[in-house]
Amino acid sequence: MTRPLTRVLLKVVARGFYQQHTGGLLALFLLVFINFFYTRVSDQDHLTAEQITQNGFRLVIASVSEPLGVAALLGVCLVYSLKSGHYVAGRLRKADVQFLAYSSTALPWAQQVRAWAVVQGVILLPVGVLCGYALAVGLIFHHWLVPLLLPGYWLLLTGSGAVYYTHLLNDTVGKPEKAASLSWARGWPKPLFSLFLYELLARKRVPYLLTKLASIASIALLLLTFPDSRTDGRLAGMMGLCCAVAHAVLVFQASEFERGYLPFARNLPHGRARVYGQQVLLYGALLLPELAWLVLGPGLRTGLPAAGLLLGLMLLLHNLLYQTGPHMTTYLRLVSALFFCVLLANLFGLAGLVALGSALAAGLLLRWYR
Amino acid sequence: MLQLTDFSKTYQGRTVLRIESFAFAPGTYWVQGANGSGKSTLLKAIAGITPFAGDIVLAGRLSVKKQAVDYRRLVNFAEAEPLFPAFLTGRELIHLFRTAKNGPPHQEDFYIESLRLNAYVHEPVGTYSSGMIKKLALVLAFLGQPACILLDEPLTTLEAAAIPVLCAWMAQQQAQHGTSFLLSSHQDFASAALPALQHVLVAHATLRHTA
Chain A
22 MTRPLTRVLL KVVARGFYQQ HTGGLLALFL LVFINFFYTR VSDQDHLTAE QITQNGFRLV
82 IASVSEPLGV AALLGVCLVY SLKSGHYVAG RLRKADVQFL AYSSTALPWA QQVRAWAVVQ
142 GVILLPVGVL CGYALAVGLI FHHWLVPLLL PGYWLLLTGS GAVYYTHLLN DTVGKPEKAA
202 SLSWARGWPK PLFSLFLYEL LARKRVPYLL TKLASIASIA LLLLTFPDSR TDGRLAGMMG
262 LCCAVAHAVL VFQASEFERG YLPFARNLPH GRARVYGQQV LLYGALLLPE LAWLVLGPGL
322 RTGLPAAGLL LGLMLLLHNL LYQTGPHMTT YLRLVSALFF CVLLANLFGL AGLVALGSAL
382 AAGLLLRWYR
Chain B
108 MLQLTDFSKT YQGRTVLRIE SFAFAPGTYW VQGANGSGKS TLLKAIAGIT PFAGDIVLAG
168 RLSVKKQAVD YRRLVNFAEA EPLFPAFLTG RELIHLFRTA KNGPPHQEDF YIESLRLNAY
228 VHEPVGTYSS GMIKKLALVL AFLGQPACIL LDEPLTTLEA AAIPVLCAWM AQQQAQHGTS
288 FLLSSHQDFA SAALPALQHV LVAHATLRHT A
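Residue numbers (the numbering used here), protein chains in the order written: chain A, 22 to 391; chain B, 108 to 318.
If you're looking for bench data, these hints aren't it; they were derived computationally from the structure. One thing to keep in mind: the hints can contain errors.
A partial selection of chain A residues facing chain B, derived with a Cβ cut-off under 8 angstroms [unchecked claim]: (1) Gln-119; (2) Ala-122; (3) Leu-128.
We put the CB at the ideal spot given by N, CA and C, even for glycine.
Given these sequences and hints, build the entire structure.
If you want it as structure tokens, here you go:
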């Protein structure tokens, strides 16, 4: 009897989740987890075949045998589960799924939880694959306890997610009224360019914080990896590029916000130059910490092209979305292609030129604004 | 049929509705009021899809807060401007609502036939016009065995030929199953089609019967 609900939830929630996250998940799996499955190490001629196999599986074996490894595996699963919970909670607030609140909630609680469990199980498939792989390798290498606990852990994440979503959808009448959002900023000026910044503070604090963390982490990692090249323009350019990629999802959200909430802005008597200026102000404010660090950290002469590169790429990505439309998959492909092209150009010390080119291209793409 | 007790609804600290006690006896009610008076908010609260203080009880035993599932199975709702995911078909939505509301198999056939939805009910909702979506939302509101159906602006975007069909559904539903209706509308209902229409007015942040 729950099948119609399961079918609708899979289409409305699970499919949306994968549409939005497939690019990121693929990149994560290719860049990070490929080593988890099997770590290929060269120059192992002096080892026996068994030792080579042990080396190849050492990460996955550690994830079921050593405390730190176990914590890392369980932590990855938990973070993924929390991220999916954040997505589903946000999805359930969207106007086009409000019908679920006055349809599915008429089903008995247990049936609702069962339908949501299927959906959460589908959403958790990638971590299910990780756990399944760890379980199989763990058992083959005679580690018993953690591998046998992994299915229970996965079921726990699935079940708790299902109960949480059912609760979210059913608890529509008893929740206390939320305090007025951003009440502290009521009297503040809100020029057109700044509206997305207020949106970030009001409703997108988690993506904003994650972006800033990724941005800081990329700068820190590059500095740690190349400690002797702090005044090298190519390192600064690389930092600018990494910060730009870290902000790619926020650019997409800014574009969605503009499309959804500011369609009236296209009717305002603003020329393209003014619209472009507003974009510069928006991304200048959004990236203020990174821009300031890039200009002041490695020195003005080295940092300025990198800061320009960061701002130019942001403008380019934003304006590309006018042309491509709000399609995440296409957008992520563009971001990846841009990343590799700019990375290559930066290695030849062309950061300043790419910055200029990006800013110009962004201006040209503005013709798709209206 | 419906009893509101100590009901109040606030938006960001501003009280938009405060109803100490109000009873809807079985019947059909036209909820009237100016724009922004709180008609839609009242219907959403009765449908159990917006938070409020106080309680709403159906048939003297089912509280929207304490017996939420049983209550929602008996109270159906159609939004003023319904919005559904564009990629779902009308048929998928109908199956979901009929299952959730415990409707008999093929219950929807009559409604689909009489509103002539057959031609497009298998298509994704994204291909529908606003009038087609409205018709679908009305069909969904009649599925199951509702004791009360809430229709927010049911006539908006509805073609003229569909209005008598809707009135006939309501009359039939009331005669056969004793279902009550709460309708909010700015347009006038034909009194001949709905003879026992009672009026309630939402004004000054409260609700009262009118002649």
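To see whether the hints hold, each was checked on the structure:
1. A hinted interface residue such as A/Gln-119 counts as satisfied when its beta carbon comes closer than 8 angstroms to some beta carbon of chain B; here the least separation is about 7 angstroms, so the hint holds.
2. Using the Cβ-Cβ criterion of 8 angstroms, the hint placing A/Ala-122 at the interface with chain B is satisfied: the shortest such distance is roughly 4 angstroms.
3. At about 5 angstroms, the closest approach between the beta carbon of A/Leu-128 and any beta carbon in chain B falls short of 8 angstroms, and the interface hint on this residue holds.
Hint compliance for this structure: every hint is met.
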